[in-house]
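*Asks:* Based on the sequences and whatever the hints tell you, model everything.
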Amino acid sequence: MAEPDVQWEAASRFYGFPSYWGDHPVFHLSFIIQHSPVYRKENGKMIFEYFAKKLISLDDLKATRNLRQNFSAFLDGLISFPLNIPGTAYHACLQGRKTAIKVIKAKFNERRASNKNYGDFLDHLLEEVEKEDTFLSEDIAIDLVFVLLFATYETTSTAITLAVKFISDHPEVLAELVKEHEAIFKNRESKDSEVTWQEYKSMNFTHMVINETVRLANIVPGIFRKVVHDVEVNGYTIPAGWIVMVAPSVLHLNPDKYDDPLVFNPWRWEGKELHAGSKTFMAFGGGVRLCVGADFAKLQMAIFIHHLISNYRWTVVKGGDIIRKPGLVFPNGLHVRITKKQELC
Numbered sequence: 031m032a033e034p035d036v037q038w039e040a041a042s043r044f045y046g047f048p049s050y051w052g053d054h055p056v057f058h059l060s061f062i063i064q065h066s067p068v069y070r071k072e073n074g075k076m077i078f079e080y081f082a083k084k085l086i087s088l089d090d091l092k093a094t095r096n097l098r099q100n101f102s103a104f105l106d107g108l109i110s111f112p113l114n115i116p117g118t119a120y121h122a123c124l125q126g127r128k129t130a131i132k133v134i135k136a137k138f139n140e141r142r143a144s145n146k147n148y149g150d151f152l153d154h155l156l157e158e159v160e161k162e163d164t165f166l167s168e169d170i171a172i173d174l175v176f177v178l179l180f181a182t183y184e185t186t187s188t189a190i191t192l193a194v195k196f197i198s199d200h201p202e203v204l205a206e207l208v209k210e211h212e213a214i215f216k217n218r219e220s221k222d223s224e225v226t227w228q229e230y231k232s233m234n235f236t237h238m239v240i241n242e243t244v245r246l247a248n249i250v251p252g253i254f255r256k257v258v259h260d261v262e263v264n265g266y267t268i269p270a271g272w273i274v275m276v277a278p279s280v281l282h283l284n285p286d287k288y289d290d291p292l293v294f295n296p297w298r299w300e301g302k303e304l305h306a307g308s309k310t311f312m313a314f315g316g317g318v319r320l321c322v323g324a325d326f327a328k329l330q331m332a333i334f335i336h337h338l339i340s341n342y343r344w345t346v347v348k349g350g351d352i353i354r355k356p357g358l359v360f361p362n363g364l365h366v367r368i369t370k371k372q373e374l375c
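Converting from the sequence shown to my numbering requires adding 30 to each position, the first position being numbered 1.
Result set (EDC-like, lysine to aspartate or glutamate): computed pairs, CA atoms no more than 20 Å apart in a straight line: (1) Lys137 - Glu79; (2) Lys209 - Glu229; (3) Lys302 - Asp286; (4) Lys84 - Glu157; (5) Lys348 - Asp199; (6) Lys231 - Glu219; (7) Lys83 - Glu140; (8) Lys309 - Asp290; (9) Lys132 - Glu79; (10) Lys137 - Asp169; (11) Lys132 - Asp173; (12) Lys92 - Glu140; (13) Lys132 - Asp89; (14) Lys231 - Glu210; (15) Lys209 - Glu300; (16) Lys84 - Glu224; (17) Lys128 - Asp169; (18) Lys309 - Asp286; (19) Lys137 - Asp90; (20) Lys137 - Glu160; (21) Lys370 - Asp222; (22) Lys371 - Glu224; (23) Lys371 - Glu212; (24) Lys302 - Asp325; (25) Lys135 - Glu160; (26) Lys209 - Asp199.
Hints in this document: simulated from the structure, not taken from any laboratory.
*Replies:* Written out as structure tokens, the structure is:
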């Protein structure tokens, strides 16, 4: 087993971050969901620090670490018994969110009082908030940053790991992905170019793989909505004011909606809309409350898959078991043996 710093470097290279690779062919692809604190810490740290810097230019290591700890507390009690007293997971969850929002708000106010342009996501948010005809308020903007950090820290990492498992289990899917991404490389004027927006939009099969992965993943076990007026469903009346929990897995695994719903089959998305929710696909919610981080999460997954498919080959050597409690976790991680593509030639 590779050392933790090597695991981190390997994961960083997958995302296209500048880092030293070294000669170690094995790393542990757990991305936050492995029970081992070392693996969870290192991979979670890499993802969170990178996107905290990209979103709000938070590059102070101590501040980033403290913010990450608050998100950890928030996540640990996100689905827990709602007993708000000190010592409970629910109380720690609320405190973690409160402190994280406080940190983000302080960054927001600091940026508003400054004339410096950082070129990050927060700059664009501030520009939008200051417009006269905007629908964005300061509170909405701060919540938006919080949600995006949450999406990068937890849900996307789980989906990426599951995608690697599915691709490993289905050689025909890997072959189609290789074909698509090799075509992207061949059409580039410079082989050293980074992924462009046009290239990202052209990754049709990659998006089919992503949709099928999140359909089976059902990472968010429930979506809550408040009933605004009485609704009748199958002879039953749901009164206004009630809270309804929608379970996406009931829909996503319904044989009346999907043929062989338990089978990983990206081709089922051929010819269908790949970038929106629907009444039969709610991996990112739906309607006016569609997950604000949906496109961001899919972008992360697509870029990860692009670098993985284009530069490496791998085999799963251990792990890959899945349980739900109720969120999706890998109790024994996903261990892979990985080789740089040119070493195979």
